[in-house]
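Listed here are the chains, written in short residue letters.
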Amino acid sequence: MKRNYELASLVLRRVLGALPVLLIVSLITFGMMRLIPGDPSSIIGGLSATPAQLAQIRSDLGLDEPFTVQLLRWYGGLLHGNLGRSILMGQDVMSVTLQRLPVTIALSAYALVITLVLGLASGILAALRQNTWIDQLAMMIAMLGISIPNFFLGLLMIIFFAVRLGWLPTGGYIGFTDDPVGWLRTSTMPAISLALLQVGLLARITRSTMLEVLRQDYIRTARAKGLPRRLVVMKHALSNALIPITTVVGIIVSLLVSGSVVTETLFSIPGMGQLLTQAVLNRDYPMVQGGLFLVTAFLVLINIGVDVCYSLLDPRVRHG
Amino acid sequence: MDSGPAELEFDAEIPFTREHPAWATLKRLFHHRLFLSGLGLFGIILLAAALAPWVAPVDPTKLAMRFKFRPPGADFAFGTDNFGRSLWSRVIWGAQLSVIIGFSVVALNAVFGTLIGALAGYFRTLDNGLMRVNDALMAFPAILLAIGITAVLGPSTLDAILALAIVYIPRTARIVRSSVIVLREMEYVQAAVAAGAGHWRILRRHILPNAMAPLIVQLSFLFAYAVLSEATLSFLGLGAVPPTPTWGNIMAEGRQYMIEAPWIITIPGIALMITVMGLNLLGDGLRDVLDPRLRIQQ
Chain R
1 MKRNYELASL VLRRVLGALP VLLIVSLITF GMMRLIPGDP SSIIGGLSAT
51 PAQLAQIRSD LGLDEPFTVQ LLRWYGGLLH GNLGRSILMG QDVMSVTLQR
101 LPVTIALSAY ALVITLVLGL ASGILAALRQ NTWIDQLAMM IAMLGISIPN
151 FFLGLLMIIF FAVRLGWLPT GGYIGFTDDP VGWLRTSTMP AISLALLQVG
201 LLARITRSTM LEVLRQDYIR TARAKGLPRR LVVMKHALSN ALIPITTVVG
251 IIVSLLVSGS VVTETLFSIP GMGQLLTQAV LNRDYPMVQG GLFLVTAFLV
301 LINIGVDVCY SLLDPRVRHG
Chain C
1 MDSGPAELEF DAEIPFTREH PAWATLKRLF HHRLFLSGLG LFGIILLAAA
51 LAPWVAPVDP TKLAMRFKFR PPGADFAFGT DNFGRSLWSR VIWGAQLSVI
101 IGFSVVALNA VFGTLIGALA GYFRTLDNGL MRVNDALMAF PAILLAIGIT
151 AVLGPSTLDA ILALAIVYIP RTARIVRSSV IVLREMEYVQ AAVAAGAGHW
201 RILRRHILPN AMAPLIVQLS FLFAYAVLSE ATLSFLGLGA VPPTPTWGNI
251 MAEGRQYMIE APWIITIPGI ALMITVMGLN LLGDGLRDVL DPRLRIQQ
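Residue numbers (my numbering), protein chains in the order written: chain R, 1 to 320; chain C, 1 to 298.
Extracted from the complex, chain C is given alone in its bound form (with noise of 0.2 Å):
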């Protein structure tokens, strides 16, 4: 009863089956071509993230003044940096953090962004107030703001990650004001109203499960800015400290051995590019089968 339009919206692509609809999106995603390789690169950096400790047991931080500067082989994998630290497990465990504070930012944005979007969308007295600030705070430079930010907090982790959940939160709250503003008008909230239902059913109910196809797609993108934008923090010396290893910092220390010892920027370059085109490949994926309004043509 509670469902909206979402089991009545047919796709010509698939045929009337009693399937349940989340099972044939499911379906369709696994289907999909850029999903998969999304997936795929994504996954590759997933696992090597959760297996950390088993995959790279060698501490990223042990100096090995003897080993410095080795390259890629056998005794190796990815080479050592200036201090003689395997760059296979600084990049490995770097690969948790970025995925950590991704996850982070995203989790921050799906919570508050999709509050302060609903409220906004929904409340007309709200929606003034809440978009003057949450324009403002997007006529900030993404990147400057995060700095800024990390300016009052000093640089850690912790930081980084509040920052640009503030740089984000205000984008993904647009996002999801836009769906509830056009759901809001709907024929069947306005029957939901007419049949006595409160305001916070009708959001929770009615609206917002309507409402999450176009934010997962924003949230996998986003998940990409965050993890990008962190390794650009910690690259400038404004992410976690060292020697805590992130790809940001490991790039920063390496820029002076860029000649001699190319690989130390090179492989958690590639890695964060692995990252970063998996979930975009992931946010074209979903987007095409989640919200084929916005899908670019194929």
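Here chain R stands alone, though its shape is the one from the complex (with noise of 0.2 Å):
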């Protein structure tokens, strides 16, 4: 029970401290918008438009009105879900993300995966192998990782495994209700390329804290009186090191999703990175200001759960 009380306590503490942050995100992404120089009806509308079409875009757009009406109606429009309508799409900003969110959530999530088994992996074998041969290859390829562009490294594979190897399709997404194995085709060439970047990251971090952990007085202790050296890597040195290792998933879903425009437009994925660039291609500015807002909301809720994680994960946090 107590434990219980504890954790939603928790939970209610890091949500509303997380409120006066997704405020400010959803002033600078209003305010964003308004600082576009000129005026956006013309840029929408177009060269040809005439006064009376410019006047009718001003109005969709509510650019019409006094600033702090706008802001008013940007406010009152989140409470309710109402973010606009995308003129790209000509739908509802709100169900546009709706659909094309899930497309970058499981190819993020696919590529989490790819980033925690290889990162690791490699970082606890370099640093249990410390000097070797294998530390210095493991920490070259994540040098490597942390150094080749996303775009870079999925052209290379779209010309030698799609293209010159014929084993997956050089683009394009199925989605994962509709047939995993095409959906595991179609998103494995984009995960790798998105994964790299973070799997170097990853492994580098796990390698330092890794070393940091066995050198504790705790682990000497837990070998001396005889313990297995595989018991105490996994029970003793590990747990511990994982706990900070925790607090850098946040960044690296962040880092992901950043990551995930550019890999969705190299492989045609219709997923939001895809969305936005295309919306701020072609000035679809509702789009871009509330497309913007809500995968910054959705990441702030991903950063919440993990704090929530780390906190179950390390006593001295949850009772600090």
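Derived by calculation from the structure, the hints in this document are not laboratory data.
Where a beta carbon is used, it is the ideal one built from N, C-alpha and C, also for glycine.
Just to be clear, a hint being listed does not mean it is correct.
Unchecked claim - These stretches of chain R come out as covered by chain C in the derived footprint (C-beta under 8 Å, 3 or more residues):
hint: 1; region: 150 to 162
hint: 2; region: 254 to 264
hint: 3; region: 278 to 285
hint: 4; region: 295 to 303
With the hints as a guide, dock the two chains, each given alone in a separate frame, to form the complex.
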């Protein structure tokens, strides 16, 4: 009972703590679209638009109203889940986002699994075999991973695996629920190219954290009292090293979503990244504004989740 | 009299001498394997950027359709693209643009990141407000925020610099702030306060010089992110406008011809990789030497 109560209050505190951030995020996204130099309606309408059409666009976007009314309207809309209408898609920004965001989430989740498996494994291995060729090889690959641009890796994979060998399609996307094998075939190359940077980062962080933990007195004690090395590594070292590593997961998710912009464009995957790039190129301002806010709000929620997990793992934080 | 603990911190590896500490640091840097290899890689790019008018005298935007799709060889060191433009010229002038953009973003970060971080860290009354805005800006995924800003400003080189500066300044400010908060409580700073030094003097003479190490490390990694992000933006068509060559837009244009002319994407891609890897190695080396607390154990 007590534990449940503690957890609830922890979640509540984190959510309340995130509210000011969300408020400022929404102000920034609102303000950005009002800072566009010149008249957005003439950019949207194009050179051939008549004054009547321009006036129509302005009233559709609410630009003919005073600033404070626009601001109130934006917040009123946010509370009702109404973020305006996408010019490019001709649909509600919210419903377009709800169609597209799951694709980005699926791709990022796949990339996150790759990141966690490869990053943790190579980081732990490198730490356990410190200063051997295994360590050096792992760290060299990690350095390569954080240095190779994901779109360059993606292009190389398309040339090699899709065009030369014909193993995988060059692009496109099949939903997981429609056809899991098709999903794997279309998502594997994008997920790998998306994950590599984070694999490198996580491998480096895991290695240094593990080395830090392995030097602690309690590890020496555990070894000295005759516990097998495997047990000490898995139970004493790893479980303590994982706690600080958890905090990195939030950053990794943000990097994955950020990276998905170019990966989705490269592999023609209809996710949020591709949508927002298209929206910017086509000056679909309501979509840019609403989409940017929703994606960021989603990441803030993810970070609250990561924070809560971190607190659950570390009793010092839980009770602190 | 003014120098902080930098002179008092001894490293076990350095014998006690009367050497100037900056000199000792430089000497250690030039014995550091990672730093040297990073300097070598990044040096190639810097050299290409600085000497562009001399090593690549051919106009990178000059069309010569009769030479199109020439593979790398004796006539064209890096081959030509779909318009017969010399890829050697385009990649080298692209290097210059990348370096200019990277350097500008780093310079803006050094100034405004330090200013915001120092104010937030030193004056408790400003901390909450500044850091809330900072946190909000950091909550956006980096590239998405940059794309959103280019939606406002429009695609151009200057706007890419501004967008990337806005994206990364909060991250730099946070690093400066955390050093300043620690240093503010140090006894030597309290002593300076007791001696009657003003806020400005304390910040400038006592705190900021000792907050430089993590900042310099951050800025070298930032240079890498800036170059990489700019390439991403121009790959998406949101950076400098063609025909101005950037590594990103060369690769975007080369995408259509990646089967028959793969060199159009691989050569700028490798140049980009050399730059980013060089700067990452440089950053690792700087961190090992300047900021041993953060060292990846060797």
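We went through each hint and held it up to the structure:
Only when three residues or more bring their CB closer than 8 Å to a CB of chain C does the claim for the region 150 to 162 of chain R stand; here the count is 6, and the claim holds. Residue count for the region 254 to 264 of chain R with a Cβ under 8 Å from a Cβ of chain C: 7. That meets the three needed, and the coverage hint holds. Requiring three or more residues with a Cβ within less than 8 Å of a Cβ of chain C, the coverage given for the region 278 to 285 of chain R holds, as 5 such residues are present. Against chain C, the region 295 to 303 of chain R contributes 5 residues with a C-beta closer than 8 Å to a partner C-beta. That satisfies the three-residue criterion, and the hint holds.
In the structure shown, no violation is registered for any of the earlier numbered hints.
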